[in-house]
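Student: Please model the complete structure; the sequences and the hints are all you need to start from.
Protein chains in written order, with our numbering: chain A, 1 to 638; chain B, 639 to 1151; chain C, 1152 to 1257.
Read the hints as simulated data drawn from the structure, not as lab findings.
In this text the structure is predicted, and so the values were computed from the model without any measurement.
Check the hints yourself; a few may be wrong.
[Stated by the list, open to error] What the simulated footprint calls covered on chain A by chain B, stretch by stretch (three residues with Cβ under 8 Å from a Cβ of chain B suffice, anywhere in the stretch; the number is not a length): (1) 139 to 152; (2) 176 to 186; (3) 592 to 606.
[To be verified] Here are the computed lysine-lysine pairs in the DSS-like style, where the Cα-Cα straight-line distance is at most 25 Å: (4) B:943 x A:577; (5) A:589 x B:791; (6) B:1084 x A:589.
For every residue, glycine included, the Cβ atom is placed at its ideal position computed from N, Cα and C.
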Amino acid sequence: MFFTLLFAPLIGFLINGFRFRSKDYKVAGLIASGAMLVSFLSALVLFVQLAGMPEDSRVINVHLFNWINVADFSANMAFTLDPLSMTMTLIITGVGFLIHLFSMGYMSHDERPAKYFSYLNFFVFNMLLLVLGSNLLVMFVGWEGVGLSSYLLIGFWFSDPAKAAAGMKAFITNRIGDAGFLIGIFILFGLFGTVNFSEIASRVPAEPSLLWSSPITLACLFLFIGAMGKSAQIPLYVWLPDAMAGPTPVSALIHAATMVTAGVYMIIRLNPVFLAAPNAMMVVAIVGALTALMAASIGLVQNDIKKVLAYSTVSQLGYMFLAVGVGAFGAGLAHLMTHAFFKALMFLGSGSVIHAMHEEQDMRKMGGLKKHMPITHLTFVCGWLAIIGAPLFSGFFSKDEILWMAYHSPRGHVFLWVIGAVAAVFTAFYMTRLMAMTFWGKSRVPTDVHPHESPTIMTVPLMVLAFLSVFAGWLVVPHGVSTILPGHPSNILEHWIAPLMAPFEVGHGSLATEFTLMGLTLLLVILSAGLAYYMYVIKPELPEANAQKFQSTYQLLLNKYWVDEAYFKGLINPLIKLSRNLWSFWDVKVIDRATYFLSDRVKDAGGGLKMVQSGNLQIYALYILIGLVAGLFYIMKG
Amino acid sequence: MLLSSLIFLPFLFVLLVLLAPEKLTRPITLLGTVIHFLFSLRLFQSFDPSTSDLQLVEKVSWLPELGVSYFVGLDGISFWLVLLTTFLTPIVVLASWTSIDKQTKAFHISLLVLESAMIGSFVAMDAILFYVFFELSLIPMYFMVGIWGGENKIYATLKFFIYTMVGSLFMLAGIIYLIFQCDAQLGELSASVLDFYRLNLAFVDGQFISPQNVLFFIFCLAFAIKVPMFPFHTWLPDAHVQAPTGGSMILAGVMLKMGTYGFLRFVLPLYPQAVTAWTPLFMTLAVIGIIYGALVAMVQVDMKKLVAYSSVSHMGYVVLGLFAMNMYSLQGSLFQMLAHGISTGALFMLVGIIYERTHTRKIADYGGLAKVTPIFAIFFLIITFSSIAVPMTNGFVGEFLILFGTFQESALFGGLAVLGVILGAAYMLWMVKKVFFGEEGPIFKKYNVNDMNGREIAGLVPLVILVFWMGLFPGHFLKYSEKSIENLVLNKETYNIRVQGSAPSALGDRREF
Amino acid sequence: MLSSLLTIGLGHYLFVSGALFVMGLLGVLLRKNILVILMSIELMLNGVNLAFVTFGYFLNDVNGAVIVLFVIAIAAAEAAVGLALIVTLFKNFKEANIRFFEHLKG
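Tutor: Pasting the structure below:
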């Protein structure tokens, strides 16, 4: 079963890869989706198997082959299926399968569907390696592998230089993170003498290290750099918005539901190590909270529908890091799951819209699409309600738990709650704005475009995801809420992964505080959503006026705080300039000159000596004579 | 006799090439090198990886007055390098099939002689014999660049030749000194490396002029130039740019490894105290080389020059691993030598393939190549990923082990070297983006560019197979060198290789071969 | 006294031999014509020959004369080869001046 789970996507990749010239999207799509279906069904079977085991021994280990073994270092191609990786596997294969189906409709006009589907399968294979690997090295294989497939898919339409550049940017930014990850692995091995997760977990010292410079803190910080790259956190988030250059289903699968959550998964997987380094966790929480806020603020003013969703993803990932940073690993995983559903849903929905609008992504040219695309609209509403945290929708439960933990956990702080709450308010605003500009209000669609509902193969995945976005929250009902939902167990997911968590007591805290905070956030969110509705549906001329009024703030947000520009000015351009100088100055002027200097001196010496070689035989004879006489003289003298 | 046959078999084909008509040169050489490769596979049978002993030894007295003998043998350090040589040569013949169109006989004879010299230098266990093969390999290369090179070939040839020659001449002086030391300490003139290992060379802490120190620097100079290490690297880009495709493949694929091999065979075991004393210096140079090579590669306009600078960077990793001197890093270095041989050889071949069609290597002339030649693009991407060390390709295992091993010795150097991983991705992907993606470049209006043909695919497929094989099952490769490296690491101060089947000491015993 | 002056002794022979040799040497070193240089070489040989027979005579050793015979034979052979070379050179270059042949100049 395990083998079909892992290798079905690989086989799909190989089959489609070898017939990459094929233009038949149906065959290619069926092969790829078939592989995903096999994989998903295997995952379900394994899930049933795993759930049937006793609670604290829910582990399936698979050893494939020996990989790198040198002296006492050993990293094998070995995999572990436990509640945590099982959850991830189900999300990846399930959402992945739906997105493969959706792609069959979305990519039906593309020239190279076989290539597209092979890349997509390749990605899923790597993602499975990442979550299933039983040691850091296998995780790193998947870690780089997903980056690689993401590179290929972002630049899928490579004829456009901007898209090719976006792919490159993604890979290189990820590489910066990967370098940090590598150093993290090195330090961890130095500390524990192993890279196996289970062995690391058993060797972590019981006493947390409060020093900034202790190896364990440094290891966690370096690993977190890896997570910053992969999961788009400050300061390495810049690649994710650009990654929207790829086909929209790719954005849904890789840049919303699965790959970008790898960093969160990694921290949850290494929770014993991170718990032993409170300082590192504090950094994680702060970076997460700031990212959530910053990205949400940028999302407020973007006009490209996919860019809004991209910044929203960055922001939601920030929430997840906030959660794991304060030690609420269960809440982090819960939000990871619900976010995978509703964000995949919204990305696919936006894909459906873009498809209908003939590749138009600018929301200023949309509006009133509700009546043309009823199913897309309806499912999108589910996603919208989920993300802004409308009560009883999935996002409500998971986000509320995170905010509560940010406040209540011993490693939390009231400021973290404030930042999170403000980000939630922003989220409600920009998502409502997106809904309003796209689906509601008056139509601004150009007259030559005739939007239409997407084909069934695209709408079915939307409906399934919409269902999940609405109801998945019941798996992660926070303790506080469960007290008013009689009979419903709280935190099913958290209990499911509990055997893997290091002991860290949070407690439940006061219900009154929890409900006060929840109510406060809810009120603000409703106000904010209402404001957005007022501005973009009822008084559409208001935004323009406000943009004029707050010109500088507006420009700052629209240009994303000029971070990209700053990177170019402060880092990339100086580096290139330095390289040019190194080449044209150091290589050519210093090193080559120095060697020329030496060789020239040798040449000069030769030039002097060559006078002796006059070519005149008589002179040579004279030399012989002089030599002879000198020799005789020397011998006779003694 | 196996090793001697491996060394001298190419000469048989030289004879055949000489006698056969000109148009049969290529098939004969191809057949010959393939036979040679298949023959070299017999090493798997004859070589015993479970010991660090020197195996398949042959020893015949050559210049008894100087203690010089024809002494060859194989241990785990040499094993894969010999196979790398025999494996790459047929591919070089395939890569040169159409690009060498004048004096084909001379080219292929040079290639065969070169192959012989390279194998010889990897198995020679007599310092003078090693020196002879080391220098012999220069001569065919000199002709390959000088006759079939680009427009600036004479300059490049001279630079390449003189640079390497200067270094190795000093080494010759060092070898002679060691031979006389053998006389003084062991009572007999000997150029055998095994006897060198038994010498006790004086080393005085804090004093620069001591025999061990001076010898260390002399040998390091020779090998550092060959590798090439920063700051002796400037001959490499020039030589590569001017060399024909086949020449570049051999140069980057095998000849550079003769430098790092020299470090492993001579410098590390012979001068343990000097190595310890100067490790920081050499690690610094290696790290500078890694980062410097990568940075300079990033701003190149010529594809071949870019690959050449990437070699500087990659070989920097190898040297770094050598000086970190633990199991991980040394195994990693050996592995990286092979990996670099495969992937850089393939990169040069790919650049050559496209150059043959468009007669330009300027990156700016290209664009959108992936659309015109999809198969070529797939191969190029695979090799690119191997070059930037994506896991499951050969590049990753070597780089990982080196960085890992170095980090355990020195977090500073390990950490700095990791930066090279980022820069490596930057320059390679930048080139891929400019050449393969975007709109179709101006060059396609001038030439009709075809995708790869069967011959070229046949040459690259074995390389690609190895890329993944080495990446997925590094154990198959590492196990052959494990014992030898272990011996080196555990006995830094008293390094000694035993000859298989003989008593460990006593000079007299070894004379019988 | 006079008789000792008039008696031709070892010294006189060696003086003549030396004079011949030095004249030949100067000719080799200073003359420009290749033919003359060749003749000067012969002169040097003869100077040496004279010394050989002189010593042979005064030491009562026949080997001196024997060596001279060898030298004369070899000189003849050498002259033959040398002349042939000179003739060829002259034929090819229409020149017998040694200064003309400086192709070995560094």
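Student: Tell me if chain B covers the stretch 139 to 152 of chain A under the three-residue, 8 Å CB rule, please?
Tutor: Holds: 6 residues of the stretch 139 to 152 of chain A have a Cβ under 8 Å from chain B.
Student: Between the stretch 592 to 606 of chain A and chain B, are there enough contacts, at least three residues with CB-CB distance under 8 Å, for the coverage claim to hold?
Tutor: holds (count 3)
Student: Taking 8 Å as the Cβ threshold, is the statement that the stretch 176 to 186 of chain A is covered by chain B upheld or broken by the three-residue rule?
Tutor: holds (count 7)
Student: Could you grab the alpha-carbon distance between residue 589 of chain A and residue 791 of chain B and see if it respects the 25 Å cut-off?
Tutor: At roughly 21 Å apart (the allowed maximum being 25 Å), residue 791 of chain B and residue 589 of chain A satisfy the hint.
Student: Under the criterion that the straight-line Cα-Cα distance not exceed 25 Å, is the pair residue 943 of chain B, residue 577 of chain A satisfied?
Tutor: Distance ~18 Å between residue 943 of chain B and residue 577 of chain A Cα, so the pair holds.
Student: Residue 1084 of chain B and residue 589 of chain A were given as a pair; does the straight-line alpha-carbon distance stay at or below 25 Å?
Tutor: The hint is violated at about 36 Å.
Taken one by one, the earlier hints fail for this structure only at number 6.
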